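Residue strings, one per chain:
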Amino acid sequence: MRKIASLFTMLMLFSALAFGQNRVISGTVTDNSGTPLPGVSVLIKNTKTGTATDNNGQFRINAKTGDVLVVTSTGFEPKESTIGAGSAVSVELKRVVETGTEVVVTSLGQRVQPKELGYTVSKVKAAELTQAKAVNLQSGLTGKVSGLNVQSVNAGVFQDTRITLRGIRSLTGNNQPMLILDGVPISLGYLSSINPNDITDVTILKSASATAIYGPDGTNGALVVTTKKGSRSKPQVSVGHTVQVERVSFIPELQTQFGSGSSVSALGYGVYDPIENQCYGDAFDGSLRQIGRDGPGGSQYLVTYEARPKEKLNFWNTGLTNQTDLSFSTGDFYLSAQNVLIQGVMPKDVNRRVSVHMAANKEYNRFKASYSINYTKGNYDVTAGSSFGNGRDYTVYWNWLNTPMQIPLTRFKNWRTDYWSSPDGYFNDYYSNPYFMIDNFRQKGRSEDIFGNFELNFKATNWLTFTYRLGATISNSSFKATAAALQYGPFAKASGKSIAQTGDFNSQVADNSSTSSRINSEFFASIRQKFGNFNLNAIVGQSFRETNSKSVSVSSNNLTFPSLFNVSGRKGEPGAGESNAKSRLERFFGKIGVGYKNWAFAEVTGSYDIDSRLAYYYDYNFDNINFFYPGGNVSVILSEAIPALKGSKTLSYLKVRGAYSKTGNVNLGIQDLENTYGNGFGFPYGSLAGYTSSNLLRLSSYKPEFVINKEAGIEIGLLKNRINVEATVYEQDNSNQIVDVQYSAATGFTSARLNAAAFKNKGLELDLRLTPLVKLGKVNIDFKANYTYQDNKVTKIIEGVDQLGIGNGNYVIVGKPAYTFKLTDYVRDDQGRVIVDPTTGYPSVDPVIKNFGRTQPRHLLGLNLSVSWKDLTFSAVADYRGGAQIFTGNLGNGMDFSGISKRSGQNSRMPFIFPNSSYWDGSKYVDNTSIYMQSGGYNFWSQAVNTSANSNYLVSGDFWKIREASLSYNLPTSLFGFAKGTVKGATFTVSGRNLFMFLPKSNQWTDPEFSNTVGNAQGVSGLDNTPPTRIFGATLNIQF
Amino acid sequence: MKLNKLIYGVGAAVIMLAAGTGCRKSQFNINQNINNPTDSTVTYNVVLPAAMNATGSIIARQWGPIQNWMGFWARSGTYAPNVIEETYQITTGFGNGIWNASYDNAYDYQIVITKAAQANATFYQGIAEIMKTMDYQMLVDVYGNVPYTESLKGSGNPTPKYDKGIDIYKDLLRRIDAGMTLIKNAVVTTTNSNKAIATDDIMFHADKTKWMKFGNTLKLRLLIHAYAVGGINKTAEMAIITSEGSGFLGAGEDAMVNPGFTGNDKPNPFWNTYKTGTDGTTSANDVYYKANEWGIGYYKGDGDPRVTNVAVPGTGNRLYTPGNQGLKGVAYGLPPDAANAAAELAGYGPGVYKSATAPQALLTAAESLFLQAEARERGWITSGPSAQALCEAGMDDSFRYLGVPNSASSAADYRTFNATYPDVDYTAGPIAAGGPSGGLYTILSQKWFALNATNTLEVWNDWRRVPYSEVATKILSNNTAAPSDKFVYGDGAGYVPGPARSVSPQIQPSDNIPVRYLYPQTEYNYNTANVAAEGTVTRYSRVFWDLN
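First to last, the protein sequences are chains A and B.
Mapping of the first sequence onto our numbering: position 58 corresponds to residue 58, and the numbering continues sequentially without gaps.
Mapping of the second sequence onto our numbering: position 196 corresponds to residue 1236, and the numbering continues sequentially without gaps.
Source of the hints: derived by calculation from the structure; they are not laboratory data.
Source: prediction; values computed, not measured.
Misleading hints may appear alongside valid ones.
[Said to hold, decoys possible] Chain B side only, calculated, beta carbon under 10 Å to chain A, not exhaustive:
| id | residue |
| --- | --- |
| 1 | 1090 |
| 2 | 1229 |
| 3 | 1299 |
| 4 | 1323 |
| 5 | 1381 |
[Said to hold, decoys possible] Within a straight-line C-alpha distance of at most 16 Å, the following computed EDC-like cross-link-like pairs (lysine to aspartate or glutamate) qualify:
| id | chain 1 | residue 1 | chain 2 | residue 2 |
| --- | --- | --- | --- | --- |
| 6 | A | 550 | A | 439 |
| 7 | A | 413 | A | 439 |
| 8 | B | 1065 | A | 332 |
| 9 | B | 1065 | A | 253 |
| 10 | A | 760 | A | 731 |
| 11 | A | 1001 | A | 958 |
| 12 | B | 1248 | B | 1211 |
| 13 | A | 480 | A | 546 |
| 14 | A | 64 | A | 80 |
| 15 | B | 1065 | A | 586 |
| 16 | A | 79 | A | 67 |
| 17 | B | 1065 | A | 77 |
| 18 | A | 1001 | A | 332 |
| 19 | A | 493 | B | 1294 |
| 20 | A | 234 | A | 332 |
[Stated by the list, open to error] Chain B regions said to be covered by chain A (calculated; three or more residues, Cβ under 8 Å):
| id | segment |
| --- | --- |
| 21 | 1072-1081 |
| 22 | 1237-1247 |
| 23 | 1476-1488 |
| 24 | 1498-1509 |
| 25 | 1563-1569 |
From the three backbone atoms N, C-alpha and C, an ideal C-beta is built for every residue, glycine too.
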């Protein structure tokens, strides 16, 4: 109490002394979006007294009341500010359009002007991110920056994405960038927990050179997210609400000629079978047919025999997303809250996110403190899919595909009350009613994430600042998956209904709870000093990180009460598991940058890391767990360096740059050394323990993976920077790759984690900005385009191994790009014709898998258009990806198996000559023009001879998408006359996402972005996905 | 001024705090695996019980297709055809489980051998030596030449070369000897490293004599498989067995593992796979696999009390449980059809699936007795009970094992009922000229009857290794299943000889029951050069002891 009192007295004293004589004035210089500007010159008018702002845009100067500060910076209009009674000044500079002046936030939260950087950085501002009201930040980044590939792998309520920058750097490890939130590295998984409306901007550091100071985490680049801190002195309140509607936009192409059946008549026609899941019956004829078996008392369910494709589409709900935002900001304080409720296209899938974000900063004298904290709570309730039940049902999508075309599917919702919809009476003898699956197999989960940081800044002298930053993320999540017991009735069992024979199951539950935390401590000193024509900018620091996690799961598949889903109410033994992990990483880092005359810049960096994941506990050797790596970059602003270019009317800006860096990356899990043992099947039996060796061989020591990044770039501004072009070429050399090599089981293992593989990346990134493209009176049209070319080549795996599979048909093959598809195909002759049997006309599947195309796109193109006229703004984003293939394995062959695919309806199910085929005539392969396959129906399409030739389901993954479009209108405040002066602004926006998708003809299956994993093995979409969707929305946003 | 000091003080504290964390090198030694045991922490005694149980699981779970091929089971009309299996057009993706599971299991025994040797736990080491040979015997019998000397070396040899089947067999005999010697000399006290062997040995609970008999029986099995092959000296090998002196597993001495199967959630593996899932519900296999029309007919034709008791109607049903239509079987490969829906057909019976808590047999006493009968028949054993006595003891023991009431008298009645039929009557002459007579034909036929679902691999082995010409000159008619001179089962008279060929509509005349599995696709992918050195392998490439 006493201390506070005395502090207060002192403050009073200072202010009393303030009048009439020199005193310390502290100030902040920001741009018009509130971003602090470093390196800005602050001069007292008509004197030589001056200083420059630090990395946080702050300055201190001795001045007296009435003095005029002249604040100047390249790229901004100069501004004067008169000192008043206060001791704090804030100056907002207005930007003049010029490349290379917009401040970006780079590693460690440092604000720099891009012209100083020898590597490429891109920035996406809040307005661009949220223009189409994407619920998740990552969706809002799609198509906006070169080198960035945001892939939406699913349309479900979680909207999973995979993000890569400049392709991959690890063959089997993590390839997604790091996330830096307000200067603190946090797990990328939190991206979906961030409210996009809280963001000031996102800086994309594509290059390992840009993130070298982060060491292993930064290998894959970084997304640097800066949240709002409160920048305007006047309090502002903003309220918004968005409603979005989501509809299935694409379903795989279906045949509409044939109904249920799975056999062929003597004449070769499909035979109708009312109980079949497969669609190989006779052709639709409009007659009245029974579906399913007879009900009790001989009742029958009859339908007209015709295709009902609408029933397929109508099965999927109209998704609805409601999003409410509220924010309050004042000088040094920001508070926001958001509530998002997503109801998916999958009936009954719901995901809710509620978040609160708070940030504030306070400064005193040389001392500044700030913090931000975010709390996000998630709740979801979704279909649990395949983990439960009778072992026949796979996912809802699978059962949907196994519903023949004549079935009026949506009529079977009331399975609890309606006999024909109930498990007993449902027509399908082999698979459950999808509505039953939706209701009966549920997974409900919740999560709570808290992430926050606090930062202390101490400006020891004008040129030396100390920063300490402590960040923490704490996450706590749990889920419970349940299935209520199912007992088929005696009538269904006696009828011979197939699924009724083995379909009974007990009530089941799986319960999981996990917590994780990560603490990140960072301390560094930064120096910014001017010596004549030279500017020194240096950092030296240390960081320490500790992660902890724990997960416990219990389950039972034999609960006593049908709907009491608690593992304590079980019969028999529960399933139980536990996993714990802890890691530490300490880093010492430094960089020295020198600038000459504001047009030449050079920087060297170095890092020394100690990583506990490399430590072999049983033979601990400190020397094995630390490693050092250097980097450096240069840039020259030729337009200022070369006198002849200065003042050119055409060329306003010209910069060349180059960078080199080496990064060490530990692509190992925690406790990932040495071969492990797990419980043998069924063990323990009472007091008898039993363990069996894992099938993955791990070694007891590994070296870090090293990535050497080299890049060069040029930035050009033309015609007063109305035209900007930025180009970067890069090459990355990735060595010591830790890969899981598949082994012959005869080694005792089926795979081994080894440390040897190498590959090279190269790429080109082009960004074109036309700002404005056209300016006609009040019409302002901006256009941006970005293009990315990325390619890579595997140079080595390990001695004696030239290829390895990483799952999903994705292979790493020496001499080929990572990753390449390797799949089964038909046996072919030397001309590539499919060899058919001269008797049956059937082809045969070759057991030797063959190389196909790459799974990662080679070309990415993004187009961004923005048109504004008075208070109307229209913006749109389109993007293209090309060069990759996708394998629609489970979906495609599942649909051929079930006979519902358009493909399986070819030739009206009549025998045909296998296209481009040949046969052996006894001495040579001759072109087949005469041998018809014995069957062109069930016996071909649904059989392994068709479905196990994976090449049948390999198609081009190219696409064009109209990713976003929005139209917003700033409502005149006069509309709010009733609240005159209170409402300061209002915007109404209509927006759409994923509006159109243009696919090559061969892709009749799905969205090429979809994948059954967010891992490396891309290009394979499965039955865990729902069909692609299209989103329309409207937003009203009001500022008070 | 005071304030500045405070600020500097805080700054200094922060620096020290940050620097302090970097001081201790040992704080990074936190990577100990606290979730699972590792090579450093695992011990021989916890690996052995799981490995032995896993061997039992292989024998229980892996032979579904061979059950079908050998005429015991068939797919019910409730299920869609498994065309690959039912047309014998096996692929490199077919039946990989046996390859992976055997090597996986052998690796665990290898760990026990290494760790037990370090700890001087000789009893454990000896058991693991013997058990490991079972994995390789199965591998050779199914695949022929396989990696052996260079196998199980992890990254020490990622591409192990293939060894000749015969060389592997020869070494297996020596490994069994080594294991037997270790066990024989093992000292078990309450404090030494063998102290818990009575618990951890989930088969014989440290009964040394049983282990000697088991070892000798395994060796006899290897010798019988290779009976026609030069290069393995049967006389010398039999002399080693004789001089060891413990003999073979006798009547009632089944080699069975039981870690403590407690019920549906920790069940016997056969029960778990073919009868009832861990959640207590019916296994899909119980609906899929039903009685093979040919096989069940053969039992019924002999009035076999293991299937139905002629003398006491309504008893029996040990091998097959009647369906809605009684003891009806289905032809193997028949397209799906409601008349042959699962519920209509006979399924396997309680003598086979036993119970959730039943021990899992690795080698039944009946099989041992039939092996001895064949050895006696071939003159390898020259004293003790006659071949006929051993063969009949095998029948008696099969009845006992399967739980036929009054097994000994039932078996006697069965022999009486089938007197003069060479498949049952050891003394029978040929029914038709040139047809099989008793003796070896009886022994092998009875092995077929006895090992239904208890060790089908051995039935397939017998079918492959013994040429029909060894027991008869006249090939029983209408059997086209054999790619050459394979053994033919039947009663030598009216009953259709078998095993019956698949009736799949997709089957081609050239498709016969395979005599081996193809090497797994993973070998072609990851051990390419070594598997390529085996040349072109087809479903008719024979393993080394298969001379027919």
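For each hint, the structure was consulted:
no., hint, in the structure
1, 1090, "holds, 3 Å"
2, 1229, "violated, 21 Å"
3, 1299, "holds, 4 Å"
4, 1323, "holds, 7 Å"
5, 1381, "holds, 5 Å"
6, A:550 / A:439, "violated, 31 Å"
7, A:413 / A:439, "holds, 10 Å"
8, B:1065 / A:332, "violated, 41 Å"
9, B:1065 / A:253, "violated, 62 Å"
10, A:760 / A:731, "holds, 7 Å"
11, A:1001 / A:958, "holds, 10 Å"
12, B:1248 / B:1211, "violated, 22 Å"
13, A:480 / A:546, "violated, 29 Å"
14, A:64 / A:80, "holds, 15 Å"
15, B:1065 / A:586, "holds, 10 Å"
16, A:79 / A:67, "holds, 14 Å"
17, B:1065 / A:77, "violated, 53 Å"
18, A:1001 / A:332, "violated, 56 Å"
19, A:493 / B:1294, "violated, 38 Å"
20, A:234 / A:332, "holds, 10 Å"
21, 1072-1081, "holds (count 9)"
22, 1237-1247, "holds (count 3)"
23, 1476-1488, "violated (count 0)"
24, 1498-1509, "violated (count 0)"
25, 1563-1569, "holds (count 5)"
The earlier numbered hints that this structure contradicts are 2, 6, 8, 9, 12, 13, 17, 18, 19, 23, 24.
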